[in-house]
Each structure stands twice: as C-alpha cells, then as structure tokens.
Amino acid sequence: MAEYSADTQPREVPPVAPDARGLRLRGLTLELGAKGAAKQILRGIDLDIPAGSITGLAGESGSGKTMTGLAICGLQPAGSRLGGTISYTGPRGSAPNLLALKPRAMNALRGREVAMIFQDPTASLHPMMTIEGQLTDGMRHHLKVSRTEARSRALALLERVKVPEPATALKKYPHQFSGGQLQRISIAIALSSEPSVLIADEPTTALDVTVQAGILRLLRELCDSLDLAVLLVTHDLGVMSALADTVTVMRYGEVVEHGTRYQVIREPRSEYTRALIDALPHPPAEEGSTPAPGALPPTPTRTDLR
Amino acid sequence: MAKPPGGASDSRLELEADAAATAVYDEVQDDRAGGSGGSAGPGGSGASGVSFSALRNRLRLPPTFRRPMAIIGMSIIVLWFLVAIFVPWIAPYDPLAQQFDRLQAPNAVNWFGTDSLGRDVLSRTLYGARISLPLALILVVASAIIGSVLGAVAGYFGRAVDEIIMRFSDLVFAFPTIILAMIVTAALGPSLTNAVIALLLVSWPSYARVMRSMVLGARSREYVVAGRLLGFSPFTSLRRDILPNVAAPVLVLATLDFGNAILLLSGLSFLGLGATPPTPEWGAMVADGVQQFSDWWLAAFPGLAIFTVVVAFNLVGDALRDSLDPRTAGAVQGVKI
Amino acid sequence: MTLVTFTLANLVPADPAQAALGERAASDPAIVAAFREAQGLDKPVVTQYLVYIGHLFQGNLGTSTQSHNPVSQDLSVAFPATAELALFVIVFSIIIGVGLGTWAALRQNRFSDQLFRVLSLVGISIPTFWLALAAFYVFFYQLRLAPGTGRLSASLQAPPRVTGLYTVDALVAGQYTTFFNALSHLILPGLVLILYTVGLLVRFSRSAVLDVLNQEYVLAARAKGLSPSRVVFRYVLRGASLPILTIVGLAFGSLLSGTVLTEQVFGWGGIGQYAYKSATTLDLPAVMGVGLVVGVVYILTNFIIDVVYGVIDPRVRVQ
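Chains as they are written, first to last, in my numbering: chain W, 1 to 306; chain A, 1 to 337; chain X, 1 to 319.
Quick caveat, the hints were computed from the structure, so don't treat them as lab data. The reader is advised that the hints may include incorrect statements.
[What the hints assert, rightly or not] Quick partial rundown of chain X residues pointing at chain A, CB under 10 Å, derived from the structure:
| no. | residue |
| --- | --- |
| 1 | Gln114 |
| 2 | Trp130 |
| 3 | Val138 |
| 4 | Leu255 |
| 5 | Leu256 |
| 6 | Ser278 |
| 7 | Gly295 |
| 8 | Asn302 |
The C-beta atom is built at its ideal place from N, Cα and C for all residues, glycine as well.
Let the hints inform the model, and build the full structure from the sequences given.
Here's what the structure looks like:
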C-alpha cells in the first residue's frame with residue numbers, strides 16, 4: 001500500500017459546491033467478517049457524484065469499486081459494517097447521511113432516489129417474470145400509480161430507452177431478448193421511479209462490443225437530459241475514457257487517483273493508473289480536457305484487466 | 001508490492017478473487033481453517049494462548065468434522081460401532097435367554113425391562129447393533145458399487161447402454177421403495193439376507209443417476225479428452241481420469257444413504273419380512289411392541305436405537321455435503337432481505 | 001409398467017398355489033391343479049401375460065386369491081383411503097415445509113435456521129413406524145385424545161360414496177359428525193407422516209431458496225426498494241419454485257412408502273396395507289393390481305408436475 005500512497009499527492013478535486021445536487025461520500029469505510037478478524041474492503045473513500053455528470057470509478061476486480069456502488073444503495077453484504085458518511089441532495093429532498101437512515105427509510109429511498117443497473121442483464125432480470133411485471137413493480141411501489149397508469153409509463157420508458165415495439169415487449173420474458181435489449185430494459189427499470197442518482201455497475205461488460213457503444217450513448221443522453229448523477233463503475237478504461245467526466249481509480253479499497261478524465265488518462269499521477277493505462281491494447285483517444293457529450297473512442301476497446 | 005494487511009493469504013486476493021466479497025470469503029475461510037492465534041480461546045493470550053493453538057494444530061481434524069453437529073454425529077456412530085464390536089462384554093445378559101419374569105417394566109435389574117418371553121430388552125437392543133450396522137454397511141457399499149459402476153458405464157458409453165440402464169432405474173424409481181422391497185422379500189421368503197437383497201435391488205438407481213450425470217459432465221473435460229488422445233482405453237480413462245474426480249459426491253450420498261438403509265431394513269423387519277424370531281433386530285423388536293403396546297418399553301428403546309444411528313449418519317452426511325457444496329454451507333455470507 | 005409388475009410377480013420362486021391354499025390343501029395335488037387352472041397358472045407365462053393385458057383393458061384386474069373379490073373392487077376401497085391420507089399430508093407438508101425452509105434460508109445461520117435444520121433432520125431420521133406407534137401409545141392409549149385405528153369409529157357408517165374420501169364425502173352428504181370423526185382419525189397418522197415429509201421439504205426448499213438468494217435478480221429486486229416481503233414472495237419464491245416442485249414430487253413418492261408402515265400401525269386399510277397383505281400371501285393378482293395403481297399414480301404425478309412447470313416457467317413453455 002505504502003508505495004502508492006507515497007506518490008499520490010493530495011490533488012485538486014474538481015470543485016463541487018457543498019449544496020450541489022448529487023451524492024457526496026466522505027471517508028466511507030466497509031469491513032466484513034468477525035470483529036477480531038475483520039477485513040477492510042473500503043478504507044475511507046472520498047467521492048463526489050454530482051448531478052448532470054458521469055463519475056467514473058475504475059479499478060481491478062477486488063478493488064472495492066463494486067462494493068462502493070452497493071454500499072450507496074445500502075445493499076452491502078449481510079454482516080458488513082459501514083463507516084463514514086454518504087450525503088444526498090436531490091430535487092425532492094436531501095439526507096445528511098444515508099448510512100444513518102433506518103432500514104425502512106433506506107428502503108423508501110432505494111430505487112426511488114438512487115437506482116442501480118447491474119453488469120449482466122440476463123442475470124439481473126427475473127427469468128420467470130414478464131417485462132411489464134418487472135418494469136412496473138418499482139413504480140407501483142414507490143409512486144403508488146394504478147395498473148393502467150403504470151403500463152402507459154412503462155411504454156413511454158421503453159420508448160425512451162429505444163426498445164423496439166414496446167407494447168409487445170411488455171408481454172415478453174427476458175429470454176426472448178438479446179443482451180443489449182435487456183440492458184436497455186434494465187435501464188428503463190432503473191429509471192421507472194424517476195430517481196436522481198443512477199449507479200451503473202459494469203453496464204457494458206457482459207455485452208457484445210457492437211452493442212456497448214449504443215448503451216453508453218444512451219447513458220450519456222439520459223444523464224444530460226434528466227440531470228442524473230451517474231456513477232459508472234467499470235474496470236474498462238476504454239469505456240471510462242469515452243464516457244466519464246471525472247475518473248476515480250481505486251485499489252485495495254482506497255482511492256489512488258482522482259481527476260478529470262483528461263488528467264487521469266493523459267497525466268496519471270499514480271504508478272498504478274499508469275500501469276492500467278499501459279495495459280490497454282490501444283491507448284484511448286482523447287480529444288480534449290472537456291469531453292464532448294456522447295463522444296466515443298473510434299475503435300471500442302474492451303480491456304479485461306483481470 | 002507493499003505488505004498486504006491481512007497476512008499471507010492476501011496475495012490470493014488479486015489472483016483468484018472475482019469480487020471483493022469473494023476475496024473476503026476466502027480469507028474468512030482461511031482464518032477458520034488455520035486456527036490462527038487470533039481465534040484462540042477467550043482470554044487465550046500470552047503463553048497459554050500459544051500452547052492452546054499448538055495443541056489444536058496437533059489434534060487437527062478435517063474441517064468438515066469440526067462443526068459441533070458433525071462431532072456429535074461422529075461420536076454416536078463410533079459409539080454404536082464400539083457397541084457392535086464389544087457387545088458380548090457390554091451387554092448385561094444373553095439376548096436370547098428367557099431368564100426373567102415376562103413383561104417387566106424397566107427396573108434395577110433389567111434397565112430397559114423384559115419382553116413377552118422374559119428376555120432382557122437392554123441386552124437385545126445392544127445386540128441389535130450387531131445385526132443392523134453390518135447389514136446396512138454391506139447394503140450401502142454394495143449398492144454404491146453396483147449403482148456407481150452401472151451409472152459410470154451408462155454415462156461414459158451413452159447410447160443403447162445408457163438407455164437400457166437408465167430406463168431400468170426409472171422403473172425402479174417409479175415404485176415406492178418399500179412396496180417393491182416388500183414384494184421381493186415376500187417372494188424370496190422373509191429373512192434378513194433376502195431383505196438386504198431386496199433393498200439392494202431398489203437402492204442402486206440413486207447412485208447410478210448421480211454417477212451418470214457426473215460422468216457425463218466430466219467426460220467432455222479437457223483432461224479426459226487429453227487422456228483419450230494419449231491413447232488411454234475407455235476403461236483406463238474412466239478409472240484414471242474420471243472416477244477420482246467424481247468419487248466424493250458418491251461418498252456423501254452413501255453416508256446419507258446409510259441412515260436410510262437402516263430405516264428400510266428395520267421397516268421390513270417391522271413388517272415381519274426381515275429378521276425372523278428370535279433375532280434381536282430393532283425393527284422386529286418394535287413390532288413386538290405393537291402386539292403388547294401397553295408395555296411401551298418394548299418398542300421405545302429399539303426405536304430409539306434406530307433413531308440415534310440414523311440421525312448420526314445424517315448429521316455426518318450433511319456436514320460432508322456442506323463441505324463439498326459451499327452454497328449450503330454455513331460459512332457463506334448470508335443475504336439479508 | 002404392466003410388464004414389470006407382471007415379470008416381478010412371476011419371478012417369485014415360491015408357489016402361489018401353496019401360499020393361497022395353505023399347508024393342508026396344498027398337499028392334495030388335485031386341489032392344487034384345480035387352483036392353477038382357475039388362476040390360469042397352468043398356461044405358459046407369455047399367454048398368462050397376454051390374458052392379463054386383455055382383461056386389463058376390460059377393467060378386469062383378476063380376482064384376489066385371498067379376499068376372493070375382484071382386485072379392482074378391493075383397490076377401489078383401498079386407493080381412496082391412501083389418497084385421502086396422502087393428500088392431507090402433502091397439502092400441509094407443502095405449506096409448513098416450504099414456509100419453514102424459506103424462513104430458515106432467510107435467517108441463514110441464525111438461531112431459527114439452526115433450529116429448523118435440526119428439526120428437519122430429526123424428522124427424516126425417526127423411523128415412521130416407531131413414531132406412529134409412539135403417537136398411538138401416547139395420544140390414544142395414555143391421553144385418550146385420539147380415536148383408535150381405522151378411518152371411522154365403529155359406530156359410524158361410511159358416508160355415501162362420491163370420491164371415496166370420507167371427509168369429502170361426509171361434507172357432500174352434510175354428515176358433519178361423520179366428517180369430524182373421519183378428520184379426527186386422519187390427524188394422528190397424518191401428523192406422523194407430515195413430520196417426515198416436512199423434514200424433507202425444509203431441507204430442500206432451504207437450499208433452493210439459498211440458491212435463489214444468491215442470484216443477481218434478487219439483488220436487483222432489492223435495489224428497486226421493494227419491501228422485503230414483496231421481494232421474497234414475488235421474486236425469491238418464484239425463482240425457487242421449480243426445484244421445490246421437483247422435491248414435492250419426490251416427497252410424494254416417498255410418502256407412499258411411508259404410508260405402508262403407518263397404515264400398518266393405524267389399521268388404515270389403504271393401498272399400503274393391501275400391498276402388504278397381498279405380498280405376504282403371494283396374492284399375485286392383487287400384487288400386480290397394486291403395482292399398476294402405484295405406477296399410474298407415479299406417471300400422473302410426473303405429468304402434473306410437468307404441466308405446472310410449463311405454467312410457471314416461460315422458458316419451459318417455449319420448448
């Protein structure tokens with residue numbers, strides 16, 4: 001650990017106003033296991049996820065990046081202990097610390113304010129339920145809408161995420177769709193209760209390279225039009241360099257690098273980030289310090305760091 | 001790389017772990033298995049703690065047998081096998097001698113009372129271990145061997161062989177075990193040997209099924225194909241490359257089946273289709289209790305004997321299965337809803 | 001199926017004539033020959049089988065050598081008795097077993113989980129016949145809480161037959177005394193069998209639910225912020241329903257085995273007792289009849305399970 005912390009200078013975090021909308025993680029820790037032999041998964045994460053931008057969280061498997069996403073949703077594994085604060089400011093209200101919320105309050109907030117999409121849509125959608133059932137479940141619970149109202153909202157959502165023939169799609173089951181379509185449906189489900197924060201955990205990793213670009217473009221478009229605060233968790237620096245506004249690199253449960261996309265990809269401060277970037281088959285194309293929304297690398301690079 | 005905080009096992013983190021949760025799971029397991037100083041007994045600090053963990057390392061049991069339930073089960077099994085071996089020295093009286101007043105309730109002389117012929121129930125129950133345990137052992141071993149061989153052959157060769165063997169096992173499966181066994185024993189004539197033969201007929205298919213599905217899975221593995229390319233004959237390949245890799249589940253099944261075998265054997269004897277008088281078989285003794293059912297001790301103790309043996313084998317079988325299949329094991333991180 | 005029961009019954013080395021006629025009569029060759037002719041035992045085995053099949057299609061299962069009734073008539077009395085007991089048991093076992101199994105899985109490694117696991121282990125380890133006897137001794141002989149053997153008290157007439165299930169028939173006929181009497185007779189043998197079946201179901205539904213809990217779609221459902229009970233009922237149980245259904249089928253099969261021993265203790269007069277009687281007396285037509293009924297039940301159970309599979313899982317429906 002020492003060698004990384006030694007060369008990570010305290011660095012200028014892109015300024016975010018304290019009352020800006022979004023999520024603000026301060027000193028987030030997570031430990032698992034028995035009290036005596038506990039294992040530190042997260043060792044004090046500071047992270048801002050402001051509304052209207054995509055915050056990238058990169059790192060190897062086991063670096064704690066997925067666990068950070070789960071912890072924000074309160075979905076950390078049973079028997080784990082969290083520390084630090086996660087403060088939330090949204091259009092409908094704010095919470096000084098999500099970790100201090102009672103389970104019932106957290107449940108009400110989850111899905112409603114903070115939604116999540118997962119890596120493999122074939123696994124994260126229930127194989128034995130219709131798309132309509134899964135798409136309307138959340139909004140009927142949170143928004144208390146009627147069945148017919150839920151259906152028309154579901155249709156609009158599917159149109160929004162560009163699933164063809166929404167009316168027939170509602171009646172179908174997950175196994176009747178391709179992976180890319182399923183991920184669009186997952187995004188529709190995540191947006192069904194109109195959240196203001198979206199956590200995307202490796203949203204393109206399980207997909208074919210050809211459909212990845214479409215999903216990423218959709219995320220960008222939704223982020224901009226809905227003023228979403230998006231946390232993009234991925235190990236794929238190619239995806240990261242195409243989409244994220246700011247990039248945070250994690251290793252062993254700690255932040256080793258943080259900055260705008262340009263800073264991190266072009267002038268990495270930490271050895272570790274440099275090693276990750278050097279491991280890419282094609283160095284990511286980078287056109288400027290302020291990325292054009294929806295910009296994608298000319299050749300999609302999918303790098304598995306494992 | 002800097003020294004990892006969690007000790008030696010941390011290096012596995014980047015090699016194997018797929019997600020943080022798995023990494024931790026690995027490590028929790030390691031800590032338990034290693035019995036490191038940190039988990040030594042309460043207040044076990046300093047010299048006493050060290051010697052305690054050293055002692056534990058010396059008396060090391062396979063992790064499977066270190067759970068309390070498995071230990072209880074194992075002790076009961078060992079106890080019953082000791083009884084079966086040394087019963088002539090343990091049992092207070094001759095199990096067949098009709099030397100007491102008939103139908104005595106438990107008392108100082110006959111702790112478990114006496115039966116309708118004036119025999120000591122305690123002695124008969126203890127001697128019962130000599131009947132049930134070896135027979136159940138023979139039954140389980142034989143059906144495991146027959147079933148596994150047939151299943152392996154069916155799975156490895158496939159096609160017609162597979163069809164024939166599996167259709168046959170389906171037919172056996174279609175019948176309730178005890179009805180089929182009952183018909184067979186009734187046909188062969190009631191005796192313990194015939195009961196074992198009848199149960200053998202009905203118990204091999206479960207092994208055949210497990211074996212077949214595993215061999216089917218293993219057959220296409222690369223190391224098996226590699227062996228075949230090296231010129232191994234089908235039987236060599238089956239013996240060298242496949243069987244060692246699929247033996248463990250069969251062992252678990254056999255352990256769990258042992259309890260079942262005892263239940264079925266005693267069930268048949270209970271129906272009068274197994275042991276013949278005056279054999280002190282547990283099921284037959286319970287059947288005596290049906291005749292005189294106001295005299296509860298006739299049936300209670302042999303029944304208890306069956307129950308303890310079966311529970312013990314099921315406990316050990318469970319522990320073995322859990323250690324093979326971590327999904328059902330206690331150590332997996334629970335999901336909280 | 002018929003071939004198997006027939007072969008099995010005819011592989012019998014013992015002489016059925018001897019068993020049916022008893023020691024005295026069997027020593028007279030004339031009587032034996034007459035018996036053999038009457039039963040068609042003098043003809044070649046293949047002919048016997050074809051004759052049997054021929055009769056089968058006319059609904060004729062032969063005549064029992066013991067009761068001298070047509071086997072079909074005996075079975076029509078015995079089968080509903082077992083069916084009533086088995087249905088009673090399986091319905092309650094599913095409710096209790098799946099409920100406790102799910103509960104145990106959700107409380108994994110906590111006290112209630114450990115408790116249910118131990119209880120289910122005890123349930124499958126107790127010899128059924130012994131438990132039946134113990135229950136009978138305690139509740140009938142000592143406490144006088146339970147009625148005696150059989151399906152009805154001797155003072156009552158069986159209700160007019162509609163289904164052959166006494167409880168249902170009594171309700172249909174509006175005979176409430178008979179209904180409660182039949183129900184009270186069901187409870188004790190039912191509980192004995194329920195303990196075993198619940199034991200099986202708790203174990204398997206627990207591991208089925210644990211499997212599902214580790215699925216990502218459960219995490220995704222929780223991420224929607226649904227209430228815990230909604231996640232369990234809408235997502236988890238639906239996901240675990242297929243393996244649980246499979247186990248219910250298996251449990252039903254082993255239940256039929258269990259009834260043989262329990263019926264014996266409670267004098268239930270069902271298929272189990274009939275099978276026992278016919279097997280021990282080498283009553284071949286009756287044995288074959290039992291085999292047939294059991295085979296049909298097995299095939300029917302599997303068929304029903306396959307149908308239900310298709311109903312709950314769209315992926316099965318497609319194929």
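Consistency of the hints with the structure:
1. Gln114: OK, holds: glutamine 114 of chain X within 10 Å of chain A, min 9 Å.
2. Trp130: holds, 3 Å
3. Val138: holds, 9 Å
4. Leu255: This interface hint holds because 8 Å falls under the 10 Å limit.
5. Leu256: holds, 4 Å
6. Ser278: holds, 8 Å
7. Gly295: holds, 6 Å
8. Asn302: Result: holds, 9 Å to nearest chain A Cβ.
No hint from the list above goes unmet by this structure.
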